[in-house]
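Chains D and X are the protein sequences, given in the same order.
To convert, take the position in the first sequence, counting from 1, and add 211; that gives my numbering.
To convert, take the position in the second sequence, counting from 1, and add 78; that gives my numbering.
If you're looking for bench data, these hints aren't it; they were derived computationally from the structure.
One thing to keep in mind: the hints can contain errors.
[As the list claims (entries may be wrong)] Think about it this way: if two alpha-carbon atoms lie no more than 25 angstroms apart in a straight line, the pair counts; the simulated SDA-like pairs of lysine to any residue are:
#, chain 1, residue 1, chain 2, residue 2
1, D, LYS571, D, ARG394
2, D, LYS216, D, HIS288
3, D, LYS774, X, ARG170
4, D, LYS235, D, ARG523
5, D, LYS647, X, LYS120
6, D, LYS774, X, VAL104
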Amino acid sequence: MQKMKLVMVGNGMAGMRTIEELLKIAPGLYDITVFGAELHPNYNRILLSPVLAGEQTTQDIVLNSMDWYAENGIHLHLGKKIGRIDRKRRVVEAEDGTCAEYDRLLLATGSNPFMLPVPGADLPGVISFRDISDVEAMINASSQYRRAVVIGGGLLGLEAANGLKQRGMDVSVVHIGSWLMERQLDEPAARLLQKNLETKGLKFLLQKQTAELVKGESGRVCAVNFKDGDSVPADLVVMAVGIRPNTALAESAGIHCDRGIVVNDTLQTYDPRIYAVGECVSHRGVAYGLVAPLFEQAKVAANHLAEYGIGRYEGSVTSTKLKVTGIDLFSAGDFVGGEGTESLVFSDPSSGDYKKVVIKDNKLVGACLYGDTINGAWYFDLLREGTDISQFRKTLLFGQHHLGDSGHGPAEHVAALPDKAEICGCNGVCKGDIVKAIVDKKLFTLDEVRAHTKASSSCGSCTGLVEAVLAHTVGGDYSAAPSKKPLCKCTEHSHDEVIAAIKDQPLKTMRAVFDFLEWKTPDGCASCRPALNYYLLARWPGEYQDDAQSRFINERAHGNIQKDGTFSVVPRMWGGLTNPRELRAIADVAEKFKVPEVKVTGGQRIDLFGVKKEDLPAMWQDLSAAGFVSGHAYGKALRTVKTCVGAKWCRFGTQDSTGLGVKLEQLTWGSWMPHKFKLAVSGCPRNCAEATIKDFGVVCVDSGYELHVGGNGGIKVRVTDLLCKVETEAQVMEYCGAFTQLYREEAHYLERTAPWVERVGLNYIKGRIVDDAAGRAALFERFKYGQQFAQVDPWKERAEGVDAAEFQTIRITA
Amino acid sequence: MSDWIAIAKFDDLPRMGARVVQFDTVRVAVFRTSSDEVFAVKDACPHRGGPLSQGIVHGTLVTCPLHNWRIDLATGEAVQPDRGCAHTYQTRVEAGQVYLRLAAGKSAAATESCASHA
């Protein structure tokens, strides 16, 4: 069968990313032809600034080499500008007469620099800043001439000015506005930026409107005249006043354009055979100029070109960083604010720090940072997720540090870090490694950096830093992850969409989930299978059949796998209480199975290390006979209830904290959770059981019980929020069960209560647990219903022969 | 044909799972995929020796339980951008019986794929 023909007009980043995505998911579907007006293969336009500044060469920024096109069988026509599309015959024609037929046409014509319509705009020495030839012209000029004027004090203009300054020119920036980068910065931040750039030697002429470019004796531009009568000498004028979507070709072919080629959510134009991506596109009235949204478009367009027909582009929230070495700034969303908004501002001009966040209805709607930008990624997340920030409003300006931050100190400027600075403590990855990978492997996204360097791929606490390094390295046009985070690479659907589908459809088997939600892989992956197994188990207790092969080994073998492949065994000790008989039984087991190490855990249990997998069932049999059940120390499950001694012995104790802890553990043990889940009960506000860093903590007081939620130790210490105060033990049990069930039903798999509470907001949780008595009772009922299926000791079952093969090695001797 | 060793009944292999077969000299993970294909790989991840037999099986890949490397069961190769290769062994299934050929280093596919990283 003859292949379909795909023709792409435009050989830039968005278009080529579409082709790459297409080749990944449907190689060989199309015969592909690419027309590029420039003489270069696809290069990274974002990095023109470093090339101009002499930090990289044009060769460094090539994304797809000529060989790459050849290897992928793509017909590449360079230096050929398409002049006509014949939609009836489905042919495009270049200005030199070259023709190509298409079944599908992809327009990726990008944008044109906007040239001010003033006298002299066409003089020699007047250029734009858009492509490699512009950069070459600027580099040439810098070696022959001295005085440069950049018209436009936006992102691009400042990068051009900085580059020309680095090349030794005397540079003035002319800007019509009263401060720089007014689309990205507010006035105070812009003043700091201007001051910093002035110390680098740049000059600024603000609130100046260009009237005319003056022709010198040689015929070349020699000065810029302003409307107020002033003038500034210039041997080179760079116009960087903006870009306009390049729609000339599409318009001449009668395709609907309105400040961009108009496309729908599948990136299709009004001609269904013609798609468009990139800066030339207008989607829901917005034309994007940053790389992250364009790559999101590319992914969706490729999916439809591949005839998969899933995925929609629903627009992006963007953020900005400036690529000028030594300057850190960040802005996102509505950073100016207006009616109905409030602004929180921190300003320290002498140290060059400025932070502003804009809030509307308890949600972050914009941020503008200068100097210390390490929290940019966090603000961007809060903005996209629409998180209720009322509970941490007071500390919001000071960033995520109030959550604790192990490994890396406060407010480090990524730009200032040396290459040897360790960014990822789990995997020992230094800043230099990450920068090298980003440059060498041409990485753009956090996921790509994770795959190539392993940085931020384990505990995730350094994610903000890695994003900052990424942003600083690829610079201006980087913006964080897409607006919607898919559950994993097997699907386009988010956790919330999957949870909703399982509940509403209803879906009761994993196969049904794969089929209904059109999973892209035949049987998922190591990320989604455990998540789906949990969601199904939590939603359909007693109906869904737990799938052992979709569980991580710890939960399949009911022990913690250690680095040498042995397992550790932690018997449950209710509320941390034990007695001589139990201790004797543990000692006997430890000796009988030659356990190499015995340790007391942080959760008041005893851990037996170094047990061979084959020995587990026999060991469990002995422990079971002594009355022990599994401690679930290995699972995304209820772990431990830690207690202090309480009123029974302690002279300060106000309530029976130990007894309550035992009751809570008997209520909650065995339940599977999105992540590990810990409880504690302290007998008085001295809080010896550390209840305020637990998922659910009880602090006894004379008049009753304070209930605290959403705390954890670990990577990022988070102190709990006070949920409410109750008077009786029965109430503690009900609130605990209801909170646990809400978390089980609504949190994302592998999301602990701390980030969950921050994501949905404490007010929401109070609304469900404290204010809604009927809802609380219903949650508690659902929890208890599920527990009748969950409270079966997995150790006893396996000691009696369940899953025997899992634990047996086949031995073959010669 | 004498070097084919009977190791297990096909039905004793869990679907989308593995069994460990301990020979005198080597520990081999024998996998059965969701489409009932059988593969045998040395039970040591090329990264840090993690027991691949204990990983989650998806498609024809297994994810190592220690640091989430993904290993292609057919070739033993780590999925890019990780680089490394676990030794693979030939298997066949006949009349419900699974056979494995130990012939260390002789399996053409395995030596070829591993050689590129040697």
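What hints, given by number in increasing order, does this structure fail?
-> 3 and 5
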